[in-house]
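Numbering-wise (this note's numbering), the sequence shown opens with residue 20 and increments by one.
Rather than coming from a laboratory, the hints here were simulated on the basis of the structure. Note that this is a predicted model, so its numbers are computed, not measured. The C-beta atom is built at its ideal place from N, Cα and C for all residues, glycine as well.
Have a look at the derived ranges for each label pair, beta carbon to beta carbon:
| hint | residue 1 | residue 2 | range |
| --- | --- | --- | --- |
| 1 | R119 | L98 | 20 to 28 Å |
| 2 | E124 | E43 | 36 to 44 Å |
| 3 | V117 | D42 | 27 to 35 Å |
| 4 | A109 | T22 | 28 to 36 Å |
| 5 | A133 | Y99 | 47 to 55 Å |
| 6 | I112 | E82 | 14 to 22 Å |
| 7 | I112 | F136 | 34 to 42 Å |
| 8 | S78 | Q120 | 19 to 27 Å |
| 9 | P97 | T130 | 47 to 55 Å |
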Amino acid sequence: MTTYTQSELAARVLKDLGLLGVDETMTADELADTVEVIASEITQMNARGISIWNGSELSVPQEYLTALSRRLCLAVGPLYGLFSVADAAAAIIPSEVVLRQLSSEPPSGATQSAEYF
Numbered sequence: 020m021t022t023y024t025q026s027e028l029a030a031r032v033l034k035d036l037g038l039l040g041v042d043e044t045m046t047a048d049e050l051a052d053t054v055e056v057i058a059s060e061i062t063q064m065n066a067r068g069i070s071i072w073n074g075s076e077l078s079v080p081q082e083y084l085t086a087l088s089r090r091l092c093l094a095v096g097p098l099y100g101l102f103s104v105a106d107a108a109a110a111i112i113p114s115e116v117v118l119r120q121l122s123s124e125p126p127s128g129a130t131q132s133a134e135y136f
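Based on the sequences and whatever the hints tell you, model everything.
Set out below in structure tokens:
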């Protein structure tokens, strides 16, 4: 399974925002700021019931990469003045739809048992 590190995810976010070219590398400040926001946002998503991946913040599975990057762009963009915090906040919930689908438990097909009183 292909996975991406936290710094690769940070670079992807900056590329998706148009702040980093294909052949460019991040500065230490860009990396630190982006990783800080990523860690905070992932903690918030986990608190709201969106489990991003196998409990590891250091290894992002390929299927999460683009949806997660798009969601994180909404948190990083205002840092660089690309759009307002209000605009980002309005787009966050709709952007999490795919992440919620990826983090949900697939149906097992098993019959559920229940106790009646």
